[in-house]
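Q: Residue numbers (the working numbering): 10 to 668.
A couple of the hints might just be wrong.
Straight line, CA to CA, 20 Å or less: simulated SDA-like cross-link-like pairs of lysine to any residue [what the hints assert, rightly or not]:
| id | residue 1 | residue 2 |
| --- | --- | --- |
| 1 | K244 | E305 |
| 2 | K222 | G147 |
| 3 | K625 | T635 |
Listed next, with one range per pair, are the computed distances between beta-carbon atoms [said to hold, decoys possible]:
| id | residue 1 | residue 2 | range |
| --- | --- | --- | --- |
| 4 | K496 | S265 | 50 to 58 Å |
| 5 | P550 | A234 | 49 to 57 Å |
| 6 | D492 | H427 | 31 to 39 Å |
| 7 | D279 | Q406 | 50 to 58 Å |
| 8 | D279 | K222 | 22 to 30 Å |
| 9 | E651 | E247 | 30 to 38 Å |
| 10 | D462 | G653 | 35 to 43 Å |
| 11 | A234 | T206 | 19 to 27 Å |
| 12 | Y217 | T553 | 55 to 63 Å |
Simulated from the structure, these hints should not be mistaken for laboratory data. In this text the structure is predicted, and so the values were computed from the model without any measurement. Idealized CB from N, CA, C, for every residue including glycine.
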Amino acid sequence: MTGARASAAARPGAREAEGPKGSASARSATKRGAVTAVPKTPRTGTASAARAGSTRGRAPRPSLRRRGGGPAGPFGAAPGPGLPGPGSKGRLAFLTVALTLVVLVFAGRLVWVQGIHGSEVAAIALAKRLTAPQESIGTRGEITDADGKALAVSVERYVISVNQLLVADFQGTNGTSDGAVGVADRLAPLLDMDPATLGATLVGEREYKVIKKDVLPAVAREIRAEGLPGVNVDKVAERIYPNGTLAGNVIGFVNSSGVGLDGLEAALDDRLQGTAGSEVYESGRRGQPIPGGFSESTEAVAGDSVQLTLDADIQWKAQEALDAQVAATGADSGSIVVMDTVTGEIYALADSGSIDPNNPAVDGSLAPSVSDIFEPGSTGKVITMAAALESGLVTPQTQFEVPYEYTAENGQTFKDSHEHGVLNLTTTGILAESSNTGTVMIGQHLTLAQRYDYLSRFGFGAKTGIELPAESAGRLRAGDTWDTWDKRSQLSVLFGQAVSVTALQATSVFATIANNGVHVQPHLIKGWTDADGTYTAAEIPAGTQVVSEQTADTVLSMLESVVDDGTGASASIPGYRVAGKTGTAQNFGGGPGITASFIGVAPADSPRLAVSVVLKNPRSSEWGGTVAAPVFSDVTAYALAELGVAPSGSQATLFPTTW
10 MTGARASAAA RPGAREAEGP KGSASARSAT KRGAVTAVPK TPRTGTASAA
60 RAGSTRGRAP RPSLRRRGGG PAGPFGAAPG PGLPGPGSKG RLAFLTVALT
110 LVVLVFAGRL VWVQGIHGSE VAAIALAKRL TAPQESIGTR GEITDADGKA
160 LAVSVERYVI SVNQLLVADF QGTNGTSDGA VGVADRLAPL LDMDPATLGA
210 TLVGEREYKV IKKDVLPAVA REIRAEGLPG VNVDKVAERI YPNGTLAGNV
260 IGFVNSSGVG LDGLEAALDD RLQGTAGSEV YESGRRGQPI PGGFSESTEA
310 VAGDSVQLTL DADIQWKAQE ALDAQVAATG ADSGSIVVMD TVTGEIYALA
360 DSGSIDPNNP AVDGSLAPSV SDIFEPGSTG KVITMAAALE SGLVTPQTQF
410 EVPYEYTAEN GQTFKDSHEH GVLNLTTTGI LAESSNTGTV MIGQHLTLAQ
460 RYDYLSRFGF GAKTGIELPA ESAGRLRAGD TWDTWDKRSQ LSVLFGQAVS
510 VTALQATSVF ATIANNGVHV QPHLIKGWTD ADGTYTAAEI PAGTQVVSEQ
560 TADTVLSMLE SVVDDGTGAS ASIPGYRVAG KTGTAQNFGG GPGITASFIG
610 VAPADSPRLA VSVVLKNPRS SEWGGTVAAP VFSDVTAYAL AELGVAPSGS
660 QATLFPTTW
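Please put together the full structure from these sequences, using the hints given.
A: In structure tokens form, the structure reads like this:
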């Protein structure tokens with residue numbers, strides 16, 4: 010047994026089995042030259058064995074390994090690499106719990122996204138992919154004359170724009186370059202642009218950049234057919250005024266965005282404007298539509314079209330005659346109003362130097378016929394005569410001795426325009442000769458309240474209600490009440506001074522006389538046609554009785570004497586009976602110059618038209634009978650023929666003018 014152990018101790022395997030102590034003892038004995046002794050084998054697990062080992066040499070060296078095993082532990086051989094030790098079990102349990110928690114978190118999030126808030130999350134994601142609403146403009150309504158002739162229309166035009174981020178996607182064919190160069194080569198000939206200049210416009214990071222505006226429909230169709238990536242073809246409406254300056258003062262114009270800035274374009278903007286449409290669609294990262302993706306659109310709705318009471322031919326004649334007379338007389342400006350005495354429809358509203366709405370930046374007038382005020386002068390005597398007749402102060406044949414100069418009961422002195430001796434004139438004669446002194450002699454017997462009341466009844470100091478912006482109400486003097494008139498104004502108002510009116514207001518006075526004393530509101534709108542084609546006639550307020558029918562008819566007959574036997578002879582129209590009144594007055598407010606006018610009615614026996622001609626500061630003559638009456642005759646004769654009004658069927662029976 011002893012020899013066997015000794016022999017075994019010499020082998021490497023035996024040395025490892027014995028442990029470090031046996032090896033150390035053997036080495037120590039060899040060094041001393043002593044015979045190797047066989048150690049006692051201690052009993053396993055006993056304290057004596059532990060003590061024996063501890064007294065036989067140095068402490069054991071660590072990290073000695075058995076063949077095919079791990080390092081020896083205090084309890085024998087260490088576990089192999091594929092087997093878990095006591096610490097590995099804790100780590101494995103921790104990892105298992107951690108992985109389980111991660112899985113549970115992701116599962117919970119998935120349930121939250123897809124189950125509880127699935128629709129909300131999907132909506133948010135979709136919203137991020139939707140483009141901003143792309144608006145399309147509703148076509149602006151047309152403006153036409155009474156016969157449907159176009160005065161303002163919106164024509165189809167296109168804006169070509171580019172999404173620069175998408176242009177790079179273009180792949181050229183048949184020798185065409187890729188990207189922006191290729192797109193420019195294809196697009197430049199269609200837009201009549203230089204390819205290099207266009208190419209520079211196509212390059213960049215902008216999602217929207219305008220290339221060209223006002224592109225014709227045929228060109229737009231060719232561009233759309235090319236299918237160029239990033240190139241947009243958008244329809245717009247361009248406002249066109251096919252007749253240039255014709256009624257430009259009435260129609261007005263729009264800005265570059267199609268919003269009315271003046272005239273009817275501004276006043277009726279809310280109805281003429283269309284309702285915009287819109288489109289949204291699901292787009293990719295670079296803004297391109299996703300095939301089969303979400304899309305939603307709302308069609309644009311055209312605005313209402315308006316039919317005016319204007320007759321384009323009568324309007325043209327009025328403008329042509331007016332501009333010619335302004336030039337011939339050297340006047341600063343002028344206005345003509347042609348109005349239907351029964352309906353209040355305006356057939357012409359002309360102002361000299363009318364603007365061209367296609368080019369509003371050029372100087373031109375915008376309806377001074379409804380905004381500029383002037384003293385009506387002798388045309389205002391019509392109201393005094395109507396008031397005196399209605400009040401029973403006079404008859405058409407009442408006789409007066411009319412001097413050149415007259416001092417009224419309140420001490421104010423007045424003169425006629427031409428020096429003369431005492432004239433034996435009737436009430437009709439005073440009107441026919443346009444005598445200031447005779448008018449004061451009659452009118453001073455009206456109370457101040459009556460004078461103010463009749464001026465107000467006939468529309469002085471109040472807007473007519475015409476559909477144009479910036480209409481003036483005129484003035485009845487400071488404070489617009491009769492008790493503010495000074496002594497001279499108290500009588501000056503009797504012959505059309507110390508008050509102011511517009512050309513339209515003055516015309517309306519004569520229309521009221523011609524319409525049996527009933528005032529009807531002047532208006533420019535005949536009716537509307539909506540986007541569905543439904544036509545609606547304009548609503549006009551009921552007329553107002555200003556003076557009795559008898560008084561109105563009497564005044565109208567007296568006015569015939571002005572044309573047949575007075576200052577308005579140049580206003581006569583062959584074949585038609587004409588009633589009217591000349592007017593000359595200083596400019597309102599004491600400014601330099603005068604206003605010359607003639608306002609009349611035809612046919613006088615069956616009134617259809619009231620027409621006014623007003624000239625500001627004519628240089629050739631200051632008398633309305635000389636510079637304004639001939640234009641009245643020319644324009645009114647044309648309008649009567651245009652409207653098909655039959656000539657007068659009887660001769661006038663005139664009141665006597667003298668005695």
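Q: Does each hint fit the structure? Answer for all of them.
A: Against the structure, the hints come out as follows:
1. Taken as a hint, the K244 and E305 pair is honoured in the structure, with Cα atoms around 18 Å apart against an allowance of 20 Å.
2. Restraint check for K222 and G147: the C-alpha separation of about 18 Å stays at or below 20 Å, so the hint holds.
3. Using a Cα cut-off of 20 Å, the hinted pair K625 and T635 holds, with the two alpha carbons roughly 14 Å apart.
4. At about 56 Å, the beta-carbon gap between K496 and S265 stays in the expected band of 50 to 58 Å.
5. Take P550 and A234: their Cβ atoms lie about 55 Å apart, and the range 49 to 57 Å holds.
6. In this structure the hint that D492 and H427 lie 31 to 39 Å apart at CB holds, the actual value being about 34 Å.
7. About 55 Å separates the C-beta atoms of D279 and Q406, a value consistent with the hinted range of 50 to 58 Å.
8. Range check, D279 to K222: about 26 Å between beta-carbon atoms, so the 22 to 30 Å window is met.
9. At about 32 Å, the CB distance of E651 to E247 agrees with the hint of 30 to 38 Å.
10. Roughly 39 Å separates the CB atoms of D462 and G653, a value that falls within the hinted 35 to 43 Å.
11. The hint said 19 to 27 Å for the Cβ distance between A234 and T206, and at roughly 23 Å that hint holds.
12. Remark: the range hint 55 to 63 Å for Y217 to T553 is upheld by a beta-carbon distance near 57 Å.
Hint check: no violations occur; every hint is consistent with the structure.
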